[in-house]
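Enquirer: Mind docking chain B with the ligands on chain A? Use the hints.
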Amino acid sequence: MQFGLSDEQRMIVNTTRAFVEAELYPHEAEVERSGHLPLDLIRDLQAKAMAAGLYAANMPEEVGGAGLDTLSWLLYERELGRANYALHWTCVARPSNILLAGTPEQRERYLMPCIRGETWDCLAMTEPGAGSDLRGMKASARPDGSDWVLNGTKHFISHADIAGFTIAFMATGEEDTPRGPKKKITAFFVDKGTPGFTVRDGYRNVSHRGYSNAVLEFDDCRVPAENVLGEPHKGFEVANTWLGATRLQVAATCLGRAARALDHAVSYAAERRQFGQAIGKFQGVSFKLADMAMELKAAELLTWEAGWKFDQGTVTEADMSMAKLKATEMLAMVADEAIQIHGGMGLMEELPLERIWRDARVERIWEGTSEIQRHIISRELLRAVGG
Amino acid sequence: MKVLVPVKRVIDYNVKVRVKADGSGVDLANVKMSMNPFDEIAVEEAIRLKEKGLAEEIVVVSIGVKQAQETLRTALAMGADRAILIVAADDVHTDIEPLAVAKLLAAVVKEEAPGLVLAGKQAIDNDMNATGQMLAALLGWSQATFASSLDIAGDKARVTREVDGGLQTIEVAMPTVVTVDLRLNEPRYASLPNIMKAKKKPLEEKTAADYGVDVTPRLTVVKTTEPAGRKAGVKVGSVDELIAKLKDEAGVI
Ligand SMILES: Cc1cc2nc3c(=O)[nH]c(=O)nc-3n(C[C@H](O)[C@H](O)[C@H](O)COP(=O)(O)OP(=O)(O)OC[C@H]3O[C@@H](n4cnc5c(N)ncnc54)[C@H](O)[C@@H]3O)c2cc1C
Ligand SMILES: Cc1cc2nc3c(=O)[nH]c(=O)nc-3n(C[C@H](O)[C@H](O)[C@H](O)COP(=O)(O)OP(=O)(O)OC[C@H]3O[C@@H](n4cnc5c(N)ncnc54)[C@H](O)[C@@H]3O)c2cc1C
Numbered sequence: 001m002q003f004g005l006s007d008e009q010r011m012i013v014n015t016t017r018a019f020v021e022a023e024l025y026p027h028e029a030e031v032e033r034s035g036h037l038p039l040d041l042i043r044d045l046q047a048k049a050m051a052a053g054l055y056a057a058n059m060p061e062e063v064g065g066a067g068l069d070t071l072s073w074l075l076y077e078r079e080l081g082r083a084n085y086a087l088h089w090t091c092v093a094r095p096s097n098i099l100l101a102g103t104p105e106q107r108e109r110y111l112m113p114c115i116r117g118e119t120w121d122c123l124a125m126t127e128p129g130a131g132s133d134l135r136g137m138k139a140s141a142r143p144d145g146s147d148w149v150l151n152g153t154k155h156f157i158s159h160a161d162i163a164g165f166t167i168a169f170m171a172t173g174e175e176d177t178p179r180g181p182k183k184k185i186t187a188f189f190v191d192k193g194t195p196g197f198t199v200r201d202g203y204r205n206v207s208h209r210g211y212s213n214a215v216l217e218f219d220d221c222r223v224p225a226e227n228v229l230g231e232p233h234k235g236f237e238v239a240n241t242w243l244g245a246t247r248l249q250v251a252a253t254c255l256g257r258a259a260r261a262l263d264h265a266v267s268y269a270a271e272r273r274q275f276g277q278a279i280g281k282f283q284g285v286s287f288k289l290a291d292m293a294m295e296l297k298a299a300e301l302l303t304w305e306a307g308w309k310f311d312q313g314t315v316t317e318a319d320m321s322m323a324k325l326k327a328t329e330m331l332a333m334v335a336d337e338a339i340q341i342h343g344g345m346g347l348m349e350e351l352p353l354e355r356i357w358r359d360a361r362v363e364r365i366w367e368g369t370s371e372i373q374r375h376i377i378s379r380e381l382l383r384a385v386g387g
Numbered sequence: 001m002k003v004l005v006p007v008k009r010v011i012d013y014n015v016k017v018r019v020k021a022d023g024s025g026v027d028l029a030n031v032k033m034s035m036n037p038f039d040e041i042a043v044e045e046a047i048r049l050k051e052k053g054l055a056e057e058i059v060v061v062s063i064g065v066k067q068a069q070e071t072l073r074t075a076l077a078m079g080a081d082r083a084i085l086i087v088a089a090d091d092v093h094t095d096i097e098p099l100a101v102a103k104l105l106a107a108v109v110k111e112e113a114p115g116l117v118l119a120g121k122q123a124i125d126n127d128m129n130a131t132g133q134m135l136a137a138l139l140g141w142s143q144a145t146f147a148s149s150l151d152i153a154g155d156k157a158r159v160t161r162e163v164d165g166g167l168q169t170i171e172v173a174m175p176t177v178v179t180v181d182l183r184l185n186e187p188r189y190a191s192l193p194n195i196m197k198a199k200k201k202p203l204e205e206k207t208a209a210d211y212g213v214d215v216t217p218r219l220t221v222v223k224t225t226e227p228a229g230r231k232a233g234v235k236v237g238s239v240d241e242l243i244a245k246l247k248d249e250a251g252v253i
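Taken in order, these protein sequences are the chains called A and B.
For the first sequence, the residue numbers in full-length UniProt numbering are 1 to 387.
For the second sequence, the residue numbers in full-length UniProt numbering are 1 to 253.
Because the hints were derived from the structure by calculation, they are not lab data.
Check before you lean on any hint, since a few could be wrong.
List time: in silico EDC-like cross-link candidates among lysine to aspartate or glutamate, alpha-carbon distance up to 20 Å [claimed, not checked]:
#, chain 1, residue 1, chain 2, residue 2
1, B, 199, A, 271
2, B, 200, A, 7
3, B, 231, A, 271
4, B, 50, B, 151
With the rest of the complex left out, here is chain B:
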């Protein structure tokens, strides 16, 4: 089985985000960028499937600016076999919307014919949480989102999903799209020897036009603002006072 893993280049989770002066978005000039952490988990899961003998080849795809090839190299250094870069924007501030990404991925799936697409549940930059679902719909495939465990047996996949209030286990028919959650696994470090080997792994460069997909934005960003600063806390004298405040002032119990 071939596994396809889309990976997105996003602002590093450690970076203190700054809003651009004109409010059009977040300032990405000279900021550290990294692989979306959920995508790292997806890459890790694909590598584990390969180590278990359930997958033969791992193909990683990134869609965005040319610099996303750094993200692909990282995935190759973790253990993916091959990479496809689809250049769809010149400006690092351009975000390709989920529908366009899903259409491009659907086109890649047609070409590559993977048995499984493993994606992050969402990207930590815009938190859309839509690409995997749209991709499954476009392909007419089954989907299992927010996976915290994944077992593949023959033409079925058993997926535990992290849903509000608990865990839900479902079975889906392969081929399928699985989007992964935080607790699925702990991604490995790209090891130094594998980093050195990654240079020799193939990275194919394409453009959105090669797949005939229009990536023009459909959404308009009206305003971007900093989250409100946290208000100073208060000290309480006793547990009773705490409970009273939680009841009467905060209204949470």
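So here's chain A without its partners, still in its complex pose:
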């Protein structure tokens, strides 16, 4: 086993961190305050991110990405994850891997504009009545001649406000399986402006100020057959093939924010004096630091190991779920303790801690709730013994 970073990985970390600190941090307070990213700021930061080769660096070289292995990509995600989510997601975008599953024409039409920074993607699966149980979805598509006609509602759809299109997952029939009937799902590209497709403002959300979720309505929305992503009825197969690593992406970005919170806590504990000494001299504070650092390291090791195994082809669902679960729960604990160590100051908007603490909350819910991750991990254990 080998735990050191390669020269390339070290430099990727350096460049990404330097960029995040110099270009993104200075805009955080304003984005948090206004809840909004002005377009000229987006364009300016996109141009800088492109010059540094950071934009869409998750993509393979042949489409203009950096061609990173999974572990290097996760190191890059960790550094981006330090900053306000809206800033890094929008201005240093990583187009969804699922766009690589498209036909050459679909890549040209949807993937390439995302890589060039002309638009963004969004993925619509969740519905008011179907969250963790996605297969329970009601939104549907029926074939009509060579077209498909889409009907239904999706909610919580991130970035739909700025995206030029969505990838909508729709029920397209049912099949019988030994465990009962099962819905067949198909993924469709739907362009903004397609008649019958409406994007409405979503809910106001405690986490990640500056970014929005939306409600998507499909009302007899007609799309041609060439808008199907992958094969008809194979929508979840496409998603499982291309979106598995997004759990690791969530984990890695949480590592970055936890590291930032821990840095603040350590410096503060060393400097802040009460009762005649630095508060870091009190075990009540110093033992918190020890636990925070240990939890962070444990989450890092789970994430790096899963990332490494991803490229070896040996990663399991449980590996990725463990990394996501540990990193998101660790972040909640580290953010909370970092605030505690800062006393009253920790709650104030002058420091990034109250935000990191708020932002941590959604991480245990999206990309599979903590309960669903535990379900995946335990299912793998039990299945191995026929349970």
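Expert: Chain B with the ligands only, in chain A's frame:
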């Protein structure tokens, strides 16, 4: 024209420096090390010369411990073409002194025959501010130090120097040694695609002995101490009081 850029591996400027318990120097064990920021500016300037078509090849050199190859890789990832590592020490705490560095660089210049050496004005670890000047003297070349702008036209270079009290513009004959100051440019990030490409660029490894240079220290460090902590400030009630204090107590106006 070939441009030679010496780059030094130094303690990262963000690191809070700690003095070793025995006072022999600064503790460098497990501390983040980076390229000397002035050398980054020199690498950036060399890349800009290449982009303008004024330079064909950028060769970076680092002298010190083996780990300095990380610094060279960073320079290659920024855009340098080729690297030479001269291993001259085993212990990360050994600092190779300016004269030894200048002699080694002079030997490299003899071999590589660059038209320009672009160096940092000083390294942020020991602040010697001597290597570039010594190198020019050993080579018998012209020198322009503390450059805040550089224009090359034919066999002349026009350099604006940041001197006490203002800017001075001088013209020097090429080949020349230019040492760069903070305001010359803003170094680019080593871009991710270039980082991936840097692995394939040549990095030649040599030793000080290969050049017949003796790097034994000539200087003795007597003592290293932490800077005195800052004293608590005072609040003044009015501008008049401030002026009075600056005049009478601080004696600065
Ligand atoms: C800010 C935000 C942005 C989002 N962005 C997107 C997006 O871009 N695209 C998209 O498609 N979706 C998105 N989502 C949806 C997200 O993936 C879902 O919220 C998540 O899958 C959980 O679904 P739910 O909210 O409907 O909760 P539910 O599934 O209703 O869960 C409620 C509770 O029941 C628990 N539970 C459910 N099933 C089980 C079980 N079998 N065993 C034990 N416990 C269980 C859950 O863990 C949870 O605690 C977003 C959500 C949020 C909050
Ligand atoms: C919203 C808000 C409203 C407030 N309103 C008022 C008000 O109206 N009037 C007023 O007077 N004050 C007010 N306060 C101040 C509040 O009482 C203090 O924030 C609180 O007493 C903690 O002090 P501190 O924030 O300076 O943290 P510190 O005392 O600096 O504590 C920092 C950390 O060190 C720990 N620590 C300190 N000493 C020890 C020790 N000996 N052993 C172990 N751990 C230790 C603390 O538990 C904490 O984790 C308010 C604070 C807030 C956040």
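Enquirer: Hints first: check each against the structure and report whether it holds.
Expert: Now for the hints, and whether the structure bears them out:
Between residue 199 of chain B and residue 271 of chain A the CA atoms are separated by roughly 42 Å; this puts the pair beyond 20 Å, and the hint is violated. The suggested pairing of residue 200 of chain B with residue 7 of chain A holds, with an alpha-carbon distance near 12 Å, which does not exceed 20 Å. Between the alpha carbons of residue 231 of chain B and residue 271 of chain A the distance comes to roughly 15 Å, so the proposed pair stays at or under 20 Å and holds. With a CA separation close to 13 Å, the supplied pair residue 50 of chain B and residue 151 of chain B stays within the 20 Å bound.
Checked against the numbered hints given earlier, the structure breaks only hint 1 and satisfies all the rest.
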